[in-house]
Structure formats: C-alpha cells, structure tokens
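Enquirer: Okay, here's what each chain looks like letter by letter:
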Amino acid sequence: MKKVKTDPKGVLTGTHYLDGDYAIAEGGLAAGCRFFGGYPITPSTETAEHFSERIPKIGGIFIQMEDELASMASLIGAVWGGQKAMTVTSGPGFSLMMENIGLACMMEIPLVVANVQRGGPSTGLPTLTGQQDMMQAKWGSHGDYEIIALCPDSPQECFDLTIDAFNLSETYRVPVFVMTDECVGHMHEKVIIPPAEEIEVVERKWYKGPVEDYLPYKNDKDGIPFMVKAGDGYRFHTTGLTHDERGYPAINAECQKVNVTHIIEKIRGNADKIIRIEENDTDDAEVVVISYGITSRVAVRAVQQAKKAGIKIGTLRLITAWPFPEKRIKHLAKKVKAFVVPEINYGQMVREVERSAGNNCKVVSVPHCGGWVHDPQDILDAIKEAVK
Amino acid sequence: MKKVEKREPKNPKEDLLRMDRIPHIWCAGCGIGTVVTSFTEAIKKNKEDLDKLTVVSGIGCTGRVAGYVKLDSFHSTHGRAIPFATGLKLANPDMKVVVFSGDGDLTGIGGNHFIHAARRNMDLLVICVNNFNYAMTGGQVAATTPLTANASTAPYGNYEYPFSLPYLAEAAGATYVARWTALHLRRVTKSIQEALSRKGFSFIEVITPCVTLYARRNRLGDGLNLLKYYYDKSEIIHGADTRTVDIDYQGKLIVGKFVEKDKPDYLTAMNRHFTNVLGDDYQLYGRINHEKD
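Order-wise, the sequence lines are chains A and B.
When the letters of the first sequence are read in order and numbered with this note's numbering, they come out as residues 1 to 388.
When the letters of the second sequence are read in order and numbered with this note's numbering, they come out as residues 389 to 681.
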C-alpha cells in the first residue's frame with residue numbers, strides 16, 4: 001500500500017456549512033475521484049449535482065447514465081481506464097447496481113458507492129429516512145463475496161469516510177459502500193476540509209514489471225493482485241467468469257474455490273485492520289447500545305437519560321458495518337447484561353450482534369420501520385427493560 | 389538430399405489472438421469467427437496501435453470475442469458492455485473502444501444502453517453479430533427473431549415484431565451504420581476500418597448463421613449453406629433509407645453502408661460546450677479531443 005498526497009485540485013480547503021450529500025461529493029473529489037457515473041434518485045441526488053458542478057473546473061467526468069445498471073457498469077470501465085470512480089444512490093438504485101457490484105467484486109475493482117438510504121421496500125419513502133439496506137450492502141448481489149461498508153453519522157464524517165472508502169477500496173481492490181441515510185444526507189453541519197497536503201490517499205497498486213510477466217490475478221505478497229489500466233500495453237483480459245491468474249475463464253470447481261476464497265479472505269483476513277468502532281463507557285457497562293449512522297445520534301439522548309436513572313450504560317458505534325466487529329462484540333457480550341440495538345429497519349444488524357454475542361448476554365432489538373428516527377423514549381424503554 | 393523443414397501451419401492472425409485459449413467455443417459453421425477475422429484484418433490494414441485498442445463484450449456467444457482477441461479485453465455483464473465501454477472511453481479518451489457483442493446482449497437486455505450511447509454519439513464502435521436468437525442459452529426467441537421463425541421459447545413460431553437494428557441505431561443518433569452478412573468478409577473489414585478511423589457512435593450489424601440452434605430448429609441447412617443463403621439473398625444498397633431495411637424470415641436482406649454523417653462525438657461536444665460556457669475556468673479533458681479541436 002503506497003500512500004501519497006492527494007491532488008490539490010479537488011480539495012476545497014476551508015470550513016464549510018454542508019449537508020451530508022455535498023460532503024460525500026467533496027470527499028470523493030478530495031480523494032482524487034475524477035469519474036462519476038450517476039443516476040438521479042432521492043435523497044442522494046445532491047451528491048451528483050454537486051459533483052457535476054465542481055468537476056468541469058477540476059478536470060474529470062461527470063456523466064448521468066441512463067440507469068443505475070449503466071452507472072455501475074460505467075464505474076468499472078472507468079477504473080479499468082485508470083480513474084478513481086464513484087457514484088451515489090438510494091435503495092431502488094442500489095438494487096439495480098447489485099448486478100455490476102458482483103462484477104466489481106469478481107474483477108476486484110476499487111470503487112466507491114454511497115447509499116443515502118431511504119425507507120423501503122420498493123419505492124417506499126423516497127424523501128424519508130431509513131437504514132434498511134444494511135443487509136443488501138452485504139448480500140445484495142448473487143454469489144459469495146465480501147465488501148466493506150462505512151456508516152457516517154454526520155456531514156463531517158460523510159467527507160472523511162468517503163476519503164477512507166477510496167483508500168480502503170484501493171488497498172483491498174474491493175467496492176466500498178458509504179452507507180448513510182436521508183437524515184445525515186440532508187443534515188447541514190460544519191464540515192472542515194483540511195489542506196490538500198494533509199490528505200493522504202492510497203495509490204492504486206500499479207504493476208510496473210515486464211509485460212510478459214504480468215498476470216492480472218496473481219496475488220502479491222499481501223494477497224492483493226497488481227493492477228494495470230487499459231492502454232498501458234499489457235493487452236490483458238478480465239472477465240466476470242470464474243478465472244485463473246491470467247484472467248482467463250476457468251469453469252471448474254477447483255478454480256472457483258481459489259477465486260471465491262480469495263475475494264472473501266482478502267477482507268475477512270484483514271478485518272482487524274479494516275474495522276473501526278467508537279466506544280464510550282463500555283468498560284463497566286451493564287448495557288451497551290450498539291448503533292450506527294443517524295441512530296447513534298438519536299441514541300445519545302436515551303443514553304443520557306439512562307445514566308441519570310443510574311444505569312451503567314455504554315455505547316458502541318459501528319463506523320464499519322462490514323466487516324462486522326464480531327470479535328469485539330463477543331468479548332463485550334461476556335461482560336455486559338445486554339446489548340440494545342436501535343436501527344431504522346425491522347432488525348438487520350441486530351442479527352449480527354446476536355450471532356456474535358451467542359448466549360453470553362441478552363440482545364434487544366429496537367426496530368423502526370423508517371420514515372423518521374426513533375423516539376429516544378423507545379430506546380430508553382428498551383434499555384430499562386434490558387437491564388432488569 | 390536437402391532437408392525440407394516442415395512448417396507448422398500458422399494462423400496469420402496469431403499475434404492478434406490469444407492462441408493459448410484456442411480452440412474457441414464456437415460451433416463449426418458459426419459465423420462469429422469470420423467476423424473476428426474481419427476485425428483482425430481491419431486492425432492490420434489500419435495499422436492500429438494495438439496498445440490503444442480495446443474490446444468490451446457482454447455475455448453470450450459473441451460475448452466471448454473479448455476472450456480471444458489479444459488486446460486489452462473485457463468480458464463484462466449481460467447487456468452492459470456499452471456502459472462499461474462508455475466508462476472506459478471517458479476515463480481514458482485516447483483509447484479506441486470496440487464493443488463486440490450479440491443481438492440479444494446489445495438490443496435485448498442492453499437495448500437501453502444501446503440507444504443512449506447512440507444518442508450521446510459516444511465514440512464507440514459497436515459490432516453486433518446478429519444470429520436472430522439467444523444462442524448461448526439454447527436458441528430462445530430474441531428482439532431480432534424474424535416473424536414466424538421458430539425458437540425454443542417460440543416453439544410455434546415468433547409473433548413479436550422484431551427490431552430493425554440499423555433503423556433503431558440511426559433513429560437513436562448513430563452517426564455510422566452499416567449491415568453486412570458474415571460472408572461479406574471484405575466489406576465487413578472495410579466497414580470496421582472506416583468506423584475505426586472516425587469518431588462517434590458507429591454501428592455495424594453482421595447477419596450470421598447460428599447453425600446449431602436457429603438453423604437446425606428452422607431446418608435451414610448447415611452453416612455453410614446458410615452463410616451462402618444470406619449472402620445470396622442480400623442486396624447492396626448504400627445509403628438505403630433505414631426505414632426500409634426490415635428483415636423478413638428468409639426474405640431479402642438489404643445490406644450496405646446506410647449512414648455516415650459528421651457530428652461531434654460526446655467528448656468533443658462536452659469540451660466545446662464547457663469551453664464556451666466556462667471559458668478559462670474549464671479544465672479541458674482528454675488529450676486527443678483537445679488536439680483535434
């Protein structure tokens with residue numbers, strides 16, 4: 001992994017008052033993204049709008065594709081063309097992107113997709129919030145694969161985590177999702193964009209060796225293959241089919257085992273390096289509230305009230321939802337009475353908490369069908385119930 | 389006695405093919421290989437820079453072309469070769485990008501992408517091998533299957549009106565449109581040469597026998613017969629009105645170069661527009677477009 005200073009042209013250094021959607025666009029530009037293949041969808045469109053306004057003066061491409069199938073495909077093409085690429089969407093568009101997200105996993109393509117989640121299923125609640133695509137982010141395309149998903153809880157984090165998303169995608173050659181939601185996407189807050197020289201970006205893992213020795217899918221020492229781009233003279237082949245080190249189709253169980261194991265283990269095997277969580281007061285807590293995105297901010301009030309009521313309470317915020325911090329949850333499960341898991345869905349990440357906790361402690365789901373955030377009282381009630 | 393060295397027979401296009409992947413998967417009598425031959429011939433005649441030429445395919449029999457040409461080559465998802473190619477072209481404008489795929493891939497599942505790339509006059513050459521059915525999956529009815537022809541999912545004959553691909557391409561905005569049969573080898577080659585030498589959305593349809601499925605199910609004889617049949621049934625009308633080039637089942641085939649017009653391609657139009665509107669604030673994009681403008 002080679003870190004370099006980012007291209008200053010895309011960095012809007014200063015203190016701004018931005019919403020999360022704009023901050024995602026600024027994060028992408030600051031990370032060196034110069035290709036955006038978009039398709040409008042509420043509540044994410046502002047990211048595409050902002051990128052389309054900024055990019056002509058920076059040098060790069062914004063193209064509004066004909067649908068999300070196309071925008072995702074265009075990203076993969078753009079990465080093979082040598083660019084850093086991103087798009088933004090919400091639930092229905094995320095569904096359409098799943099086809100080529102699978103291709104990106106198979107071809108091992110670094111790219112970033114932000115999902116400003118809204119209530120679903122189907123058209124659901126276009127303008128109202130949700131956190132209902134968390135499992136889709138993990139399992140949405142067919143077949144076995146691993147991705148990385150980050151969950152910003154503020155416009156500042158939308159900016160910061162979009163840069164991190166690019167860096168993770170380049171490090172592991174994997175699609176990375178910025179899983180935010182309508183509330184964070186449309187929330188205006190202070191966003192500090194540092195000077196360009198303070199922003200480090202991971203350079204693509206370019207192959208520089210002789211043409212005849214290049215094998216597109218031969219793993220390097222760190223388990224990640226080198227990349228080249230079209231036009232560099234390597235005249236390579238790549239496919240969505242199960243393939244060998246040459247990138248040639250190899251339709252057999254042996255090769256499938258190598259392929260699938262690789263794209264999964266390069267993430268699972270590095271999970272400890274990838275996972276980020278934020279913990280408060282978990283050391284002697286009886287109850288730990290596990291949340292992410294906007295819900296972690298709503299939970300703050302319930303946690304304060306629980307403290308006032310004398311409950312020993314801690315919080316754990318998922319900054320990475322995927323890979324899931326199962327080791328840490330398992331460890332905590334042996335110390336606490338219960339986990340309380342509020343999320344704006346019918347209970348998705350809570351399944352991972354249950355799986356990680358095993359029978360070591362109680363796990364209380366606080367579901368919400370979407371359209372608005374939790375009433376903190378509902379979370380407080382769950383905490384009080386859990387501590388009994 | 390002088391010893392005569394026996395020479396191994398060599399494919400004259402070896403340097404353009406991935407010989408380590410030969411034999412290919414196409415059936416004996418299939419026309420896809422002849423279109424690939426025309427393509428490689430055109431590359432040679434044009435003296436194309438092989439490092440700057442790329443092939444993107446979708447899924448299906450013709451979708452396998454990307455796997456056999458020794459260029460930067462991409463085997464993408466079903467129907468998505470065109471948007472994949474669009475991203476690649478825009479990210480790396482000094483590449484010449486060729487989309488090589490079948491009728492089902494390009495105009496069935498990928499129909500939306502096809503018309504939008506044509507509308508944008510995206511600088512792509514799209515070569516469509518039209519064999520009138522979904523061959524890879526076993527000969528199902530396609531958006532191009534002529535009326536009354538049999539297919540595995542139209543066992544009593546097709547009753548859906550098919551697309552006329554040149555008409556579709558022109559109506560959507562393609563600036564170069566040609567149609568040939570797979571036996572018009574030299575003409576296919578020439579069309580590919582012309583298309584590779586221009587900027588904008590070029591579309592070449594090549595009518596090709598699918599011997600194993602379409603021909604057998606419709607009792608049209610073997611591949612060679614059908615190749616010859618299509619050729620004999622064709623009439624060359626350059627500049628033909630694309631509204632008049634519909635294909636009837638086993639009827640006359642109008643072929644030729646139907647459309648060739650000048651119109652700025654996507655990147656040229658983008659650079660012009662932004663330069664006009666934003667002046668010095670605009671960061672001109674792409675070396676080749678810059679030079680040509």
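It should be emphasised that the hints constitute simulated quantities derived from the structure, not laboratory data.
The C-beta atom is built at its ideal place from N, Cα and C for all residues, glycine as well.
Check before you lean on any hint, since a few could be wrong.
Said to hold, decoys possible - The list that follows gives simulated cross-link-like pairs (lysine-lysine, DSSO-like), each with its CA atoms no further than 27 Å apart:
1) Lys398(B) x Lys208(A)
2) Lys205(A) x Lys307(A)
3) Lys308(A) x Lys266(A)
4) Lys229(A) x Lys616(B)
5) Lys229(A) x Lys432(B)
6) Lys229(A) x Lys649(B)
7) Lys257(A) x Lys307(A)
8) Lys640(B) x Lys432(B)
9) Lys57(A) x Lys616(B)
10) Lys138(A) x Lys398(B)
11) Lys440(B) x Lys208(A)
12) Lys229(A) x Lys208(A)
13) Lys218(A) x Lys433(B)
14) Lys458(B) x Lys9(A)
15) Lys621(B) x Lys218(A)
16) Lys327(A) x Lys266(A)
17) Lys229(A) x Lys3(A)
18) Lys394(B) x Lys435(B)
19) Lys229(A) x Lys398(B)
20) Lys398(B) x Lys433(B)
21) Lys205(A) x Lys458(B)
22) Lys205(A) x Lys649(B)
Said to hold, decoys possible - Sample of chain B residues at the chain A side, in silico, Cβ under 10 Å:
23) Asp439
24) Ile624
25) Ile625
26) Asp669
Stated by the list, open to error - Derived contacts from chain B toward chain A, CB cut-off under 10 Å, selection only:
27) Lys458
28) Val485
29) Gly496
30) Gln581
31) Glu582
32) Leu584
Enquirer: For a C-alpha distance cap of 27 Å, please report whether Lys229(A) and Lys649(B) respect it.
Expert: Judged against 27 Å, a Cα distance of about 32 Å means the pair is violated.
Enquirer: Given the hinted pair Lys229(A) and Lys398(B), is their alpha-carbon gap at most 27 Å?
Expert: violated (31 Å)
Enquirer: Answer holds if the nearest beta-carbon of chain A is closer than 10 Å to that of Asp439(B); otherwise answer violated.
Expert: Given a least distance of 4 Å, the restraint on Asp439(B) holds.
Enquirer: Does Asp669(B) hold up as a contact with chain A if the rule is Cβ-Cβ below 10 Å?
Expert: holds (5 Å)
Enquirer: Is Lys229(A) close enough to Lys616(B), meaning Cα to Cα at most 27 Å?
Expert: Judged against 27 Å, a Cα distance of about 42 Å means the pair is violated.
Enquirer: Are the Cα positions of Lys229(A) and Lys3(A) separated by 27 Å at most?
Expert: holds (19 Å)
Enquirer: Would you mind confirming whether the straight-line C-alpha gap from Lys218(A) to Lys433(B) stays at or under 27 Å?
Expert: violated (35 Å)
Enquirer: Does the CB of Lys458(B) sit less than 10 Å away from some CB of chain A?
Expert: holds (6 Å)
Enquirer: Is the interface hint satisfied for Ile625(B)? The criterion is a beta-carbon contact with chain A at less than 10 Å.
Expert: violated (32 Å)
Enquirer: Hint validation: Leu584(B) versus chain A, beta carbon distance must be below 10 Å. Holds or violated?
Expert: violated (16 Å)
Enquirer: Does the structure keep Lys229(A) and Lys208(A) at a Cα separation of 27 Å or less?
Expert: Roughly 11 Å between the alpha carbons, so the hint for Lys229(A) and Lys208(A) holds.
Enquirer: Holds or violated: Lys205(A) and Lys458(B), Cα atoms, limit 27 Å.
Expert: holds (23 Å)
The structure is inconsistent with the numbered hints 1, 2, 3, 4, 6, 7, 8, 9, 10, 13, 14, 15, 18, 19, 22, 24, 25, 29, 30, 31, 32, although it conforms to all the rest.
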